[in-house]
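One-letter residues, chain by chain:
Protein chains: 2
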Amino acid sequence: MSVRLPRAVGLLGGGVIGGGWAARFLLNGVDVRLYDPAPGALDQVQRILANARRAYRRLTQVTLPTEGALNLVQSIEDAVFGVELVQESAPERLELKRQLLATASRAAASDVPICSSTSSIRASLLQEGTDHPERVLVAHPFNPVYLMPLVELCAGQHTAPDTLVRMAEIYRGMGMHPLVVRKEVDGFIANRLQEALWREALWLVNDDLATVQEVDDAVCYSFGLRRPIMGPLLTYRMACGGAGMRKTMERFGPYLKWPLSKLTDVPELTDTFLDKIAEQSDAQAQADNITEQERDDCLVALLQGLRSRRRTAGETVARWEQGLRDGAAQPIGSDVGPLRSPTLETPSEWLGTNGRVPESRYLELCTFATNNLLSCIGVDRDYHSKCGSYYTLETHLSDLREIRAGDRVQVLTQIVSADDEHIHLAHVLTVEGQVDPAGMGEQVLIHVDVGSGRRCCVQGSVRECLMKLARVHAELPRPKRASAGIAVG
Amino acid sequence: MSVRLPRAVGLLGGGVIGGGWAARFLLNGVDVRLYDPAPGALDQVQRILANARRAYRRLTQVTLPTEGALNLVQSIEDAVFGVELVQESAPERLELKRQLLATASRAAASDVPICSSTSSIRASLLQEGTDHPERVLVAHPFNPVYLMPLVELCAGQHTAPDTLVRMAEIYRGMGMHPLVVRKEVDGFIANRLQEALWREALWLVNDDLATVQEVDDAVCYSFGLRRPIMGPLLTYRMACGGAGMRKTMERFGPYLKWPLSKLTDVPELTDTFLDKIAEQSDAQAQADNITEQERDDCLVALLQGLRSRRRTAGETVARWEQGLRDGAAQPIGSDVGPLRSPTLETPSEWLGTNGRVPESRYLELCTFATNNLLSCIGVDRDYHSKCGSYYTLETHLSDLREIRAGDRVQVLTQIVSADDEHIHLAHVLTVEGQVDPAGMGEQVLIHVDVGSGRRCCVQGSVRECLMKLARVHAELPRPKRASAGIAVG
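Here the protein sequences line up with chains D and Y, keeping their order.
Plus 309 on top of the position in the first sequence (first one is 1) and you've got my numbering.
Plus 309 on top of the position in the second sequence (first one is 1) and you've got my numbering.
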C-alpha cells in the first residue's frame, strides 16, 4: 500500500501555499529545495513548518518518517536540480508563472512532473513555452496545505494522462485527496463553489442584511457544520429522506425561481438534466450510503471536537451542558447501597480497531462516576474556587469481561475510605442483564488547593456530605479485589 | 445561568423539521402536544426521537432532565391548549401556514409566542390574519434540529422586540445558537448562502464540469472542512495572513471580475462598502481572535472526529497513517535499557477544565507505549488475523507529578515478566529535563485468539522477539512501585 514518494522536490515560491507544501513534503520525509527570492521567505517557511510539526504531533501518534532536509537555493535551476517533482506556488499572475514554469522545464530532467498550485488559471495557458508540456499540470491545494486533504489535478491540452495518475498516487501517499477535474475551466471545482458563497456573502454585507460576523455565524452554526461530512448535493438529497434526486428536484426545484439569493440564474431543469443528476446522485448514494444515524454520529464527533476547543458550535454545546448541570438538582442520597451513576449506552465508536471496548473507556466510565460522586457531595465551581478540588493520585483498572457496543452500563461507586485529605473509591462496572461485573476501577483522590497545587483539607458542607456517605458505605461489604496488587496469573 | 424552559409546547406539523423540534423539546424536558393529521406522523416523530436519544447519549455525559411527554392531538386548538409556545413546521406553502397560524393564534393565550419554522417566507406575510401578531415570528432551524445549533429569528413588521429576546433565551437554553436577522428578506441569511452554493453546484453538473460525487467531494475535502470553524468572510481574511479586510479585498477583489463561478454579479467595491466590510471584519477578528495555531488545532480536532467515523477527510488520514505504518521499518532493538517510545509534546487540549492533564492522558501515553512494544515484537495485522492479539487485563496508573502543556514526554517500557500467555509491563513516564518520573503505568496483557476471545499461546517470531526482549529487560533494575497495591497515604 505504501507509495514511494519522491526523494526530493523543488518548490518555486515559499508563501502561505509554498510554505504549506514544504511542510507537507518535509514531514513526509521528502527533501525540499526551495527557491524564493523574497527576503524573509525562509523564516516564513520555518514558521509554517513549526505549525505543521505541532499539528501533526496532535493529529497522529503514528511515527512519522525522518523529516526531509530543507534547503533554500538561489535560482530556479538550482531548485529543480536532481529533484523528482517541481511544485510552483508563485503569486497568481499568468506571466510570472509562465516564466517560472518555462525556466524550470528547461532545467529539470524531461520526465520530472511540473505542477502549478494556481487557484484559477487553466493548465493549457501555463503549458505555453514549456519544454515537454506533457508533464505540466495544475495541482491546486488548500490552505493550510499540510492539513487540508484536497488537491485538484487539472490537465492542460498537452498533459499526458499517466502524469496525472502518477501525481494522484504521490499526493495520496502524502495523506491528500486528489480530485481529477474533468474539463479545463477557470477556478476548477472547489473555488467556483467557494466563490459563489463569497459573492453572496458580500451582497449580504453590502445590502445591510447581515454583518460580517453574522454572515459567518449563519454558516458555521448551520449548514457549515455538515460540510466536512457531506457536500451540498447529498445534503439536498437527504433533506428529502432518501427519496432520490428526482423527488428532491421536484421539491426544491421551484425555489430556484424564488429570489432566495442575489444571483438566481439556474440551469433549465430539462428532463435530460434531471436524468443526469438523478443518475449521478443514485450512484453517489450507493457508493456513500450515509444513514441518518451515521450522519448524526459524524455530527456528534464534530461537535465533540469543537467542544474540546470550545469553538463555535462546540461552545454552544458546552454552555448547554453547563446549564443542564446548573439546573439539575443534586440530591445527596439517603439511599443505602453504593452510589449509582446514570446508565449509559455504549456507543459503537467506543469499539477499538480490534472490535473491543479498550481500557481507556473503562477509565472514562470510572472518571464519569468519580465526577458524579464529587457532584453529589457538593464539589462545584464555587467550592473549587474557594476551597479546592480533588485530583486523582492512583487508578487501578481491571477488565473482567467484555463490554459490547449497545450494552447499557452503570457504575456503582463505593467509598472504601475517606479522611480529610483522601478519598479511596471502588467503582464496579455493571452491564444491564449481567450478574458478574464487567470491570472494576479503584481510585485514590487527593484534596488540593487549586492555586498552589498543594494538598489541603476538605471543608464545610462538602466534608460533612463526604463523611456521611463514607459512614453509610462502610456498612456495605468491601468490594472484591479492592487494594489488590497487580500480578500475572 | 439556567433558563426556565416552557413546561409544554404545541407543535403544528411532525415532518423532518417538526419531528426534530419534538426531539429537541422532549429531551430538554419539555412536554409536546403534536398536531399532524398525516397518517404515520407519530411513527415518524418516534423514529426521529429515537435517533435524537441515541445522538444525545453519545454527545454528552451530563444527565438530561426527565424526558417530556409526547401527545398526539386531533386539532390545532388541542395542540395549543395550555402551552407556553407554539412552533409551526408545516410544508412551505404560504396559504397553508397562514391558516394554521391564524387558527393557532385565536386558540392560544394572547401572550404565547407563535413561531414558524419556514425556511424562506417573511414573517410579515405570516402575521396577516393572526390575533396578536406581535407574538408571531419566524424561528428557522436546520436539519437535524436536535443537533444543529442555528435558529434564525426573524421579526415581521408587527413583532414585539421583547418576544425576540424571550425566544432567543429559550432556544439558547435548549442548546441552540439564535441569530436575530436584521431585516426582512426572503430566505433569511443561511439559506441565501446555501442557495448560492446549490445553484453553482447545479451548474457544475449541468455543464459536465463535475459529477454529483465530485462536486460534493470538492467541498468536503477542502473549504467545507473549515466551515464548522470559520465562515467564508473570516476565511478570506485569514488567507491574507491577518492583514485586514481592506488588504483582503485588494487582493481578492480583482478575482470577482473573473469568471470563477457561473454567476458573477458582485456589489461595487466603493469606498463606503470597503470601509464597512473592513470595519465589521476588524470587529469580528477582535471578538473572535483565531490564530493559525488555533485554526490548526480545530482542524485537527475535526479530522480526529472524522477519523473515528472513518468518514471523508478522516478516512484520508486513516489511510495515510496505514501507509506510514506499512512503510516504517520496525527494528527490534539490540538496545540495552527499556524500550523508548517516540517523544510527544503535550498538546494544550490535554489540559482538563481544572488546568491539569487528567489521568486519562496518562493512560493514553501508556497505551501508546504498549502498542509501540507490540509493534516492535511484530504483532501486526497479519499476526492478528493468523495467530491472535494481546488484550489488556489490568492497568495500574500512578500520577506522580504534574505534566504540563508543552512538556516533551517519553515513555520507557520494561517487560517485568512474560510467559506464553501474559506480558506484565511497567511504563515510566518521563518529562524531558526532569529527573523524577511524572507517572507510572503497569499493565498485564493477555494473549487471545481474536475470533473466540479465548486465551491462547503466543507463536512464532513474535514469541521469539518477546522472549528475547524479556531476557534483556530481566537484567535491568525492577521499576519502583511495580506490583504494589493501592492504598491511602
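Hints were generated in silico from the structure; no laboratory data involved.
A portion of the hints provided could be inaccurate.
Chain copies aren't distinguished; within one or between two, either way the pair holds.
Pairs of lysine-lysine, DSSO-like flavour, derived with a Cα cap of 30 Å [as the list claims (entries may be wrong)]:
| # | residue 1 | residue 2 |
| --- | --- | --- |
| 1 | Lys789 | Lys556 |
| 2 | Lys571 | Lys556 |
| 3 | Lys566 | Lys695 |
| 4 | Lys492 | Lys789 |
| 5 | Lys789 | Lys566 |
| 6 | Lys566 | Lys492 |
| 7 | Lys585 | Lys571 |
| 8 | Lys571 | Lys492 |
| 9 | Lys571 | Lys777 |
Owing to the predicted nature of the structure, the values given are computational and were not obtained by experimental measurement.
Status of each hint after checking the structure:
{"no.": "1", "hint": "Lys789 / Lys556", "in the structure": "neither (61 Å within a copy, 68 Å between copies)"}
{"no.": "2", "hint": "Lys571 / Lys556", "in the structure": "both (25 Å within a copy, 25 Å between copies)"}
{"no.": "3", "hint": "Lys566 / Lys695", "in the structure": "neither (61 Å within a copy, 60 Å between copies)"}
{"no.": "4", "hint": "Lys492 / Lys789", "in the structure": "neither (69 Å within a copy, 67 Å between copies)"}
{"no.": "5", "hint": "Lys789 / Lys566", "in the structure": "neither (71 Å within a copy, 75 Å between copies)"}
{"no.": "6", "hint": "Lys566 / Lys492", "in the structure": "both (28 Å within a copy, 21 Å between copies)"}
{"no.": "7", "hint": "Lys585 / Lys571", "in the structure": "both (27 Å within a copy, 19 Å between copies)"}
{"no.": "8", "hint": "Lys571 / Lys492", "in the structure": "both (28 Å within a copy, 15 Å between copies)"}
{"no.": "9", "hint": "Lys571 / Lys777", "in the structure": "neither (67 Å within a copy, 72 Å between copies)"}
Consistency with the previously given hints fails for numbers 1, 3, 4, 5, 9, ordered from lowest to highest.
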